[in-house]
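Asker: Keeping their order, the protein sequence lines are chains D and F.
If you read the first sequence in the working numbering, its first letter stands for residue 981, the second for the next number, and so on.
If you read the second sequence in the working numbering, its first letter stands for residue 576, the second for the next number, and so on.
Rather than coming from a laboratory, the hints here were simulated on the basis of the structure.
Note that the Cβ used here is the ideal one computed from N, Cα and C, for glycine as well.
Hints may contain errors.
Counterexamples of contact, computed for chain D against chain F with all Cβ distances above 12 Å [claimed, not checked]:
hint, residue
1, L1111
2, R1119
3, S1135
4, F1200
5, N1201
6, D1203
7, S1214
8, G1217
9, E1239
10, Y1328
Derived Cβ-Cβ restraints for the label pairs, each shown as a range [claimed, not checked]:
hint, chain 1, residue 1, chain 2, residue 2, range
11, F, R588, D, D1009, 23 to 33 Å
12, F, K654, D, E1102, 40 to 50 Å
13, D, S1338, F, K654, 39 to 49 Å
14, D, T1079, F, K654, 48 to 58 Å
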Amino acid sequence: MSTNRKRAIIAGDGAAGTILANKLRFHSDPSEIEIVVFGKSENHYFKPDGVQIPFGFKDYHNSVKPTQSLFNYGIEFIKSGIKEFDLDNSTVKCENDNTFSYDYLIIATGDRYSTEDLPGYEKAASHFYSLEASLDLKRKLSAFRGGKIVIGQASIPIQCPPAPYEFTFQLIQYLKLRGIRDKTEIHYIYPLNRVFTIPNVSDFVEKLMEEQGVIIHKMFNVDSLDPEGKKVNSLEGETLDYDLLILVPPHSGQKVITESGLAGQSGYIAVDRHHLNYKDYDNVFAIGDATDLPISKAGATAHFQSEYLANRIANEVNGNAFFDSYNGEVACTTITSGTQAITLFFSYDKPPRANFQSKSDYFLKWTSSDTYFSAMLRGIM
Amino acid sequence: MEELKPTRVIDARGSFCPGPLMEMIKAYKQGKVGDIISVYSTDTGTKKDAPEWIKKSGNELIGVYERNGYFEIVMRKTK
């Protein structure tokens, strides 16, 4: 046993925190570094399945696992949030006021749905960004007999940016299967002058939407909701009425991040884009949805960041040289029709290419929760 | 013509699309009619997106100016 055993504290038990913990455990010797994860969740939900669960295309039981069961041997999971970060003294305070010191701190607290930023949201809108919301939407869709559906997002950024268009394509399939597509108008709203952030992917998706008769409203930044009148108003002066409003909620960073002074009002942490360090702290990092990096907030992002960071910390602890960096790599498979999908690979400097869709990519998407829980989350791939 | 003094300046240099536009929209929502909002950006997509949004939202585009290594978009909140 080393007399100078280090301690890595990981704040957060979502995709980023779990993958990092498991990868770091794989790459390091438990006698050299202790890994402690703080988080409050009972269960870990695979959020990408939210684009299929509301239609009954996937059984949600395969999308949820007990959080505690997902950490590899040699990782301590403390079921508590962190309420204070004291970077100058290298300590964190958890919710029962116990204080823990660290040699490495990795902030993987994710972000949150700040519905308070859009009055009337809870009453007016449905969404598919949590299991509870997806199941609630499933009930609403079952009762839907035709009418006008408005789909979009309340703001930018959101987790998994392609999800609104993926959901739209699955909705079309669902309505066709139920025989009510011709009784339903689908209106797609988007804050920018396209239907997705990345222009070439947007062109690809927009064409598919047009072929499917989706009515597109670009530069529609949601300003206010009228739950009683069933209307959604844009900052640009447009108003749409609806029978069913499916709106991804506004997102913000965690309150504890702002309260600890680690970020401004948005709650998203600024980090070095290639090394993920917070400011000039050599031993403090942020990964996943908690950062303000200009890339997708997605599990795939957290996966690539964790690979880099686990290797970096392990090599440092083991006394080895390490010269790699994180270059904004993201890979994601997104649904583009009832039975097809595309896989996008990109980085800070290389935009994705959206060339073709395939059934094999759809199969990849459909089985991704199995891959996620058995391999990706475990740090195996 | 003399350039107007901005009520609020947003330095979004180094931020990628749609960051600068979203910052501008946030400043617009927080501001009051008559405010002059200036955004510094190095993202070329913003040069196209921001003026389009200003036009669509019915506000006034005062100008897009080339600066030293970045550009500046200036708008007036009119509604």
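Asker: Taking each numbered hint in turn, which are not upheld by the structure, reported in ascending numerical order?
Answerer: Of the numbered hints, 3, 4, 5, 6, 7, 8, 10, 11, 12 do not hold.
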